[in-house]
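Engineer: This is what each chain is made of:
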Amino acid sequence: MPRKVVITGPAPSLEETAREVGLSPGEARRIADLMDAIVQRRLRRVGGVVRYKRGPGPERRMRPKRAAGVVRA
Amino acid sequence: MASRRASAKRRRRPPDAAFLNIPYDAQHEELFLAFLAGLSGFALIPHATLEIPGSQRRLDRIFRLLGRCRYSLHDLSRVEVDRTPPATPRFNMPFELGLAVALEKTQRPRHEWLVFETRSHRVWKSLSDLAGTDEYIHGGTPRGVLQALTNALVRRRHQPTVAELEEVYRDVSEYARELKVRLRTTTIFQARAFRELVAAAQRSASQRVAAVQRLRHRSTRKT
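In the order they appear, the protein sequences are chains D and R. Numbering follows the working numbering, with no gaps: position 1 of the first sequence is 63. Numbering follows the working numbering, with no gaps: position 189 of the second sequence is 1532.
Simulated from the structure, these hints should not be mistaken for laboratory data. A virtual CB, placed ideally from N, CA and C, is assigned to each residue, including glycine. One thing to keep in mind: the hints can contain errors.
When the alpha-carbon atoms are kept at most 27 Å apart in a straight line, the in silico DSS-like pairs for lysine-lysine are as follows [claimed, not checked]:
hint	chain 1	residue 1	chain 2	residue 2
1	R	K1468	R	K1448
2	D	K66	R	K1448
3	D	K66	R	K1468
Partial list, derived from the structure: chain R residues whose beta carbon lies under 10 Å from chain D [said to hold, decoys possible]:
hint	residue
4	P1357
5	E1394
6	D1477
7	N1494
8	R1513
Computed, partial: chain D to chain R, Cβ under 7 Å [as the list claims (entries may be wrong)]:
hint	residue
9	P64
10	A73
11	I93
Let's have the full structure, built from the sequences with the hints guiding it.
Structural biologist: In structure tokens:
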């Protein structure tokens, strides 16, 4: 069984990541905007956005088989 | 109250970084992106020698960069002889692993390194000094890389899932495709592309991985 590594550090913010790799804050924001657009596009494409199914129309709605209290002539 | 908040801000630990030692060739592009996505999903900041401009003091810079990283991941899949003449094997990756092993013995807090391979037990032949060290096998696929990462890395409270990391990988792959068009290039193995991809992967992970969101929430609550 290979050894495991336990990570304890905090999650980096966009600014921290940009500083660490040498990007300017403006550039980091531009990249974030581009990635947000990709995420949104992919969510729409793969149906990640929750879409509620429309229920059956009035004609397909099940009618009661027998109306209660109706007396046949 | 204000002083407690100020001291918490002072005490906030910087995020951990991970050094990525992987072959820079077109065949490994998908695996490279998978490593970037996976490391970002574990809230680590990836680093690679790609960031270092070529110069005489390259070795010193590599060692300094490695020393700044708490973890290093070494993919030793590329053991074949290079096709371009003169035919030679590539020694950079095992060499950088050697530097990481040396750091583990000397640096405090301890540097931790992990070995990845496409095929199991091959590393025991190609680098028999590692006998007794188990490697993580990714089978040469992005999903394999993400699975290997979730086996190798552990977060105490919040653990990312392979499905979440795959979403980050797909986002980053799409970003890489657009980036190549924008930079008029055929490769992502460049300093500028690497920097952009690291920031893009971090952004995607902060939206796709619940563990990262919870960690961010905790750290913003503390400060």
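Engineer: Against the structure shown, which of the earlier numbered hints fail to hold, in ascending order?
Structural biologist: When the structure is compared with the hints, none of them turns out to be violated.
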